[in-house]
Amino acid sequence: MERLGEVCRRLMFLFRRNRFQRELQEEMQFHLEMKARALRDAGVAPDEASSAARRHFGNTLLLREASRQSWGWNTLETVCQDLRYGLRQLRRSPGFTLVALLTLALGIGANTAVFTLVDAVMLKSLPVTDPQQLYSLGADDNCCEMTGLQGNFTIYSYALYKELQEHTPQFTQLAAFQAGAMPLAVRRSQGRELAQPYRGEFISGNYFQMFGISAYAGRLLAPADDHSGAPPVAVMSYRVWQQRYGGDPTLIDSTVVINSKVFTLAGITPPGFFGDRLTGDPPDFWLPLFQLPAGHRTAGRPGAGGDWFNPRCANCAGWRTRSLQPVVRSEGLRPGGAGGRRGHPWPLRRSSGTAARAARRLHRSHASPACGVASWLSKLRRESISESNGERTNYQRLTPAFLSVTHELAALLQVHIPNAAFRGQSLYAHLRS
Amino acid sequence: MARTEIPPGTLYLLILKTLESGPRHGYGIAERIQQLSDQVLTVEEGSLYPALQRMLIKGWVVGEWRQSENNRRARYYRLTPAGRKQLGLELNEFQKVMAAITRVIQTA
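Keeping their order, the protein sequence lines are chains A and B.
0 is the number of the first residue of the first sequence in numbering that gives the first Met the number 0; add one for each residue after it.
0 is the number of the first residue of the second sequence in numbering that gives the first Met the number 0; add one for each residue after it.
Just chain A, same shape as in the assembly (with noise of 0.2 Å):
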C-alpha cells in the first residue's frame, strides 16, 4: 500500500516539476531570510548577516538539484533534455535533416512492403479450415509446363483417383481439380445481357468439403453434383458476386448460362476463399468435373488410343494439362509421424507407398500403360507426399496442392469409364476415407 502511495507521489512529481522547483526556491529563501534574521538578533550587521547565512546555508542549486534527484525521474529528464537537443540541432541543418528523413522513409517503406507481401504470400495460411492437415500428393506444383518429358509427374487420372480413395484409408479426404483454370463464358439465362469472360476450375465433389469451407450464401458443390447424369451446377466465388453482380440475391439458385450450357447457380464461396493456390487470377467459377465440356475431350490422336495424357502428346490441341498435386486432409496424418483415421497410426512415408501400390495396382489391371507411368510411381512413392523437412512443410502449409485434372480426363472418364481401358499419365487420386 504505501509502495502504491509512493509510486503515485513519484508519478505526480513528473505533473508538477516547474512548481515544485518554485517551491523549492521559495522555500530555501525563506529558511535563509530566517537565518539572516537570527544573525541580526544576535548582532551581526544586517549585510554580513545576509552573506554569513548564504555562507552556511550552502549551494541552493545544488541543494536543489538533490533534492530533485530525490524524486527518481533523473534518467528520463537527462534523456528528454538530450533528445530537445537533438531536435534543436535538427533544426539548425534542415538539408541534413531532409535527406535524414527520406532515407529512413525509404528504407521502412520498403521493409513494410516487403514483409506486407511475405505475410500475404508466405506466411498466413490458405483460409481453409485446418491448413496443416492438407498435403499435396505429387512432386511439384506443375502448373502450366504440361507438354514435353516430364520428370515429375503430378497429374492424375480420375481412375488413380478413385483407386486411392478407395484404397488408402489414411486420407481423409482426397479432392482433384484442374490444375488451371478455363476461361467460361456466362451470362444469366434471363435477360438480354451478353456473356462475360470469366475463369473457372473444374473440381471434384469433395473439395469444398475437403477444405472445410461452407457457403457464404446458398450452397456450395457436393459430391452429389459430381457423377454423370447429375444437375449442372456452379458455385460463384464471392469476389464476382460483389463486383460484377453487386451481391445480387436473387442470383443464388437461378440459371446461368455457362459456356452455352445451363447451369444453376447453387451458391456463393465465402468472402476469403480464393481456391486452391496463390493466384492473381483466381478462379471466378467451381463447376464439377463431370460438368467438363465435351469440346474438351480432346484430342489428340483417338486412333492412337486417345493418348490425351501423355503429355509428350505435343498434338493434344486443346489439351490442357496442369500439374496435378492431389491434396488430401487426414486428420491424423502429420509428417514424419503417426496419422491416420480412427487413430491408426499412419506415418507419411508410407501413406506414399500406399498411394504407389495403388497406382501400380491400376497400372497392372489396365493394359497398355502410357509412357512414363512407370517413372511416375516411382517418382511418386518417393516424393509423392511431401516430407516433413522444414520448408517443405511449410509451403505444403502455405499452399496445399492439389491434384489438377485435365478436361479430357474427365472428357475421357465419361468416355472411357465404360471400357475400362484407361490410359493415363495424369492421374487423379481421389481418397476419401
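Derived by calculation from the structure, the hints in this document are not laboratory data.
In this text, a Cβ means the ideal position worked out from N, Cα and C, and glycines have one as well.
Some hints here could point you the wrong way.
Claimed, not checked - Taking beta-carbon pairs under 10 Å as the criterion, some of the chain A residues facing chain B (in silico):
(1) Arg9
(2) Glu25
(3) Asn58
(4) Arg67
(5) Gln68
Stated by the list, open to error - For each label pair, taking beta carbons as the anchor points, the in silico distance ranges come out as:
(6) Asn70(B) with Leu13(A): 29 to 35 Å
(7) Glu25(A) with Gln33(B): 20 to 26 Å
(8) Glu25(A) with Arg102(B): 43 to 49 Å
Since the structure of chain A is already known, use the hints to place chain B on it.
For chain B alone, kept in the frame of chain A given last:
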C-alpha cells in the same frame, strides 16, 4: 561554534521526533533540533532538505504552505500516520543499537 555532525542514520529519527510535537517549516525543524540538543547537534541544510524530500516521497510527512510568524509564506511539514509508525520503528531501532553500544562500552 563547533558543529557536531549528526550520527548517520539518525536524521530521519530526529526530524520525525521534532515534528511529533506539531508541524514546522524547514528552518523551524533545524532550529528546534539545535535547541533541544543544547547546540550540540546542527542539521546542515544540505542534508535537511533532501531528507525532507525523501520523507515526502515516502509519505511520512505532508507539506502545506502557510503563513509563517513573520507573514512570509513557508512550507510546513506535518507528520502522517505512516510517519508516526516510522518514528516508532526508528526509535526502537535506535534504542536497540544504543543499548548494544552501551553494553560494549561498559564491558570494555
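A quick look at each hint next to the structure:
no., hint, result
1, Arg9, "holds, 6 Å"
2, Glu25, "holds, 7 Å"
3, Asn58, "holds, 8 Å"
4, Arg67, "holds, 8 Å"
5, Gln68, "holds, 8 Å"
6, Asn70(B) with Leu13(A): 29 to 35 Å, "holds, 33 Å"
7, Glu25(A) with Gln33(B): 20 to 26 Å, "holds, 23 Å"
8, Glu25(A) with Arg102(B): 43 to 49 Å, "holds, 47 Å"
In this structure, none of the earlier numbered hints is contradicted; all agree with it.
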